[in-house]
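Build the full structure now, drawing on both the sequences and the hints.
Residue numbers (this note's numbering), protein chains in the order written: chain D, 2 to 252; chain B, 70 to 454.
Rather than coming from a laboratory, the hints here were simulated on the basis of the structure. Hints should not be assumed to be uniformly reliable.
If the Cβ cut is set under 7 Å, some of the chain B residues that face chain D in the computed set are [said to hold, decoys possible]: (1) Gln404; (2) Tyr407; (3) Thr414; (4) Phe426.
Which chain D residues face chain B? A few, computed with CB under 7 Å, are given here [said to hold, decoys possible]: (5) Arg84; (6) Leu89; (7) Gly99.
Glycine included, each C-beta is placed from N, C-alpha and C at the ideal position.
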Amino acid sequence: MSVLEIKNLHVTVETEQGVKEILKGVDLTIRSGEIHAIMGPNGSGKSTLAYSIAGHPKYTVTEGEILLDGEDVLAMSVDERARAGLFLAMQYPVEIPGVSVSNFLRTAKTAITGEAPALRTWIKDVRESMENLRMDASFSERNVNEGFSGGEKKRHEILQLELLKPRFAVLDETDSGLDVDALKVVSEGVNRAHKANDLGVLLITHYTRILNYIKPDFVHVFVAGKVAEEGGAELAERLEAEGYDRYVKAN
Amino acid sequence: MSQSPNQHGLAEHSHGAVIPLQIRIDRPKSTSVSDFPAISKTQDLWRYLDVEQLAGLDADVLAEYKEQVSFTSQEGLSVSWIPSTDSRVGAIGIPEDRVSAAAYTNASETLLVEINSSLAEPATISITGVDKAASALHLLVVTKPQVEATLVLDYRGIGVLGENVEISVGDQSRLNLVSVQTWDKGSVHVSAHYAKLGRNSFLKHTVATFGGDLVRITPISTLSSPGAEVEMNGVYFANSGQHIENRPFVDHAAPNCKSRVTYKGALSGDKAHTVWIGDVLIRVAAEGTDTYELNRNLLLTDGTRADSVPNLEIETGEIQGAGHASASGRFDDEQLFYLQARGVTEAEAKRLVVFGFLLELIQRTNVPEVIESLSKVLEEKLEVN
Numbered sequence: 002m003s004v005l006e007i008k009n010l011h012v013t014v015e016t017e018q019g020v021k022e023i024l025k026g027v028d029l030t031i032r033s034g035e036i037h038a039i040m041g042p043n044g045s046g047k048s049t050l051a052y053s054i055a056g057h058p059k060y061t062v063t064e065g066e067i068l069l070d071g072e073d074v075l076a077m078s079v080d081e082r083a084r085a086g087l088f089l090a091m092q093y094p095v096e097i098p099g100v101s102v103s104n105f106l107r108t109a110k111t112a113i114t115g116e117a118p119a120l121r122t123w124i125k126d127v128r129e130s131m132e133n134l135r136m137d138a139s140f141s142e143r144n145v146n147e148g149f150s151g152g153e154k155k156r157h158e159i160l161q162l163e164l165l166k167p168r169f170a171v172l173d174e175t176d177s178g179l180d181v182d183a184l185k186v187v188s189e190g191v192n193r194a195h196k197a198n199d200l201g202v203l204l205i206t207h208y209t210r211i212l213n214y215i216k217p218d219f220v221h222v223f224v225a226g227k228v229a230e231e232g233g234a235e236l237a238e239r240l241e242a243e244g245y246d247r248y249v250k251a252n
Numbered sequence: 070m071s072q073s074p075n076q077h078g079l080a081e082h083s084h085g086a087v088i089p090l091q092i093r094i095d096r097p098k099s100t101s102v103s104d105f106p107a108i109s110k111t112q113d114l115w116r117y118l119d120v121e122q123l124a125g126l127d128a129d130v131l132a133e134y135k136e137q138v139s140f141t142s143q144e145g146l147s148v149s150w151i152p153s154t155d156s157r158v159g160a161i162g163i164p165e166d167r168v169s170a171a172a173y174t175n176a177s178e179t180l181l182v183e184i185n186s187s188l189a190e191p192a193t194i195s196i197t198g199v200d201k202a203a204s205a206l207h208l209l210v211v212t213k214p215q216v217e218a219t220l221v222l223d224y225r226g227i228g229v230l231g232e233n234v235e236i237s238v239g240d241q242s243r244l245n246l247v248s249v250q251t252w253d254k255g256s257v258h259v260s261a262h263y264a265k266l267g268r269n270s271f272l273k274h275t276v277a278t279f280g281g282d283l284v285r286i287t288p289i290s291t292l293s294s295p296g297a298e299v300e301m302n303g304v305y306f307a308n309s310g311q312h313i314e315n316r317p318f319v320d321h322a323a324p325n326c327k328s329r330v331t332y333k334g335a336l337s338g339d340k341a342h343t344v345w346i347g348d349v350l351i352r353v354a355a356e357g358t359d360t361y362e363l364n365r366n367l368l369l370t371d372g373t374r375a376d377s378v379p380n381l382e383i384e385t386g387e388i389q390g391a392g393h394a395s396a397s398g399r400f401d402d403e404q405l406f407y408l409q410a411r412g413v414t415e416a417e418a419k420r421l422v423v424f425g426f427l428l429e430l431i432q433r434t435n436v437p438e439v440i441e442s443l444s445k446v447l448e449e450k451l452e453v454n
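This is how it looks when you write it as structure tokens:
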């Protein structure tokens, strides 16, 4: 059993208009096996929370802490956080020209576990995971994210989630830009990883659609850089009916 | 750094051909140094260099390389020194610039490399410099018809060398020529390659430059017999203070010839500078030409500079295809973040990207010793910064 704690997190970002505070005191605790949905309107700071957990250099933490089983995550470099068991499925994964998917996956797996995976089982694992995500075998010879469609990029993110077996995964709008079929395939991948590894999930989304496939234990409504309301799955249903207007107006 | 997480490094862009200041075939040719003006930055050929960087290679008098050159024998291969007055010398190509002319005039002997039958093993000519005396060398590689061979030119040590390399590929022959420059720091190497391809012949010409303060190589492939095909590849890595210049030129002078030019380079460190000028000329007679040239550069740090200019002159519309692309991109913070977010350290991320970018062209040489040694050199270059 692991626990990821976010306490009073304040985060700023540098913009052309100067330094701007995006997160204004976020509190959140996620335990192994729990699925938390973070929902909120555009610009509420959802993605900033995701990137701050992963350690993107663009974001500056000015106050608060992030703890993984009591360890200070903010003191870790980006790669140390990943090796500690944190995973971010990105909304806009970048292209890495010249680096094949297969080479990339093997390098990442080696980095995470500290030793190269046994070749035969690894190849089998990759093939199975790709089949589960309905990815063609030729995929592994393509360069990372180069010329991938939106749906292919998301599948590739979830493929990594399944193969790298983190303790906690932050999914940053993984549902955006997916058609119903792709959304189903990707959701199944998340559910598999959740079940297989007792994964703790922080599911960031604008829409309730993905929650039909991935059932959250907790729903947090995110408005203007903090959690405005918390509840169970029923909160998502209310948001589906009412939208975010109520929260946005209150601000 | 990038402003949003969805921006990335190598943005491909293609653009219209740059019209050269002077059309390529009108460029003066001579073996006499005095026929060329003193080198200055105002000349298009030398605009990216300071004359001091040439370390005396533009002088009237140069020393000669002979003891610095070694080779091993094998069946089908004949290597010997011949007087440069021999009528075979200069038959393939005549200098188009002052440094090439100086090297031509000062090399009293020419190393004749004859490939008389197919070679079982790659042949290597080793050129190992021992001092900084400005020197001249002339190589003449002659491949007989219908043979297949790999020839490696291996340049290392400390040297200041002006050079001409003539390459004659016989009808229906296949020559894989690899020129590897891993000179020590302080070295200067300016070399003109002149290749002439016979009917239905194939030349794979690779220039791999990793060491030397200034390495400037100007390979010319003349496709003057029908059905000839040339693949010109280049791979380079410039660290702080290094200047690596490549100016490949493909002269399509006969019908139904094909050319592919692919140069890729990485730059890392303050004042690392690379220049790529890729010229292609499709003459009136060269109907059915199929040509494509590409240059990509990967900028690993601030303070680097990659100049990249494709020039295409087309004198006939009856061609299969002619294209070019040039792109220089940064290994940016978003790529680094993506790899680090998967547990990969910064150093390993750079290694992964650079190897992914350059290794393919090194592997295309198909010479195991070259692939192995250049992989090691790449590792070392990555550790410099």
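Evaluated hints:
1. Gln404: Since chain D brings a Cβ to about 5 Å from glutamine 404 of chain B, closer than 7 Å, the hint holds.
2. Tyr407: With a minimum Cβ separation of about 5 Å from chain D (threshold 7 Å), the hint on tyrosine 407 of chain B holds.
3. Thr414: Hint on threonine 414 of chain B: holds, closest Cβ of chain D at ~5 Å, below 7 Å.
4. Phe426: 4 Å, holds
5. Arg84: 5 Å, holds
6. Leu89: 6 Å, holds
7. Gly99: 3 Å, holds
Checked against the numbered hints given earlier, this structure breaks none of them.
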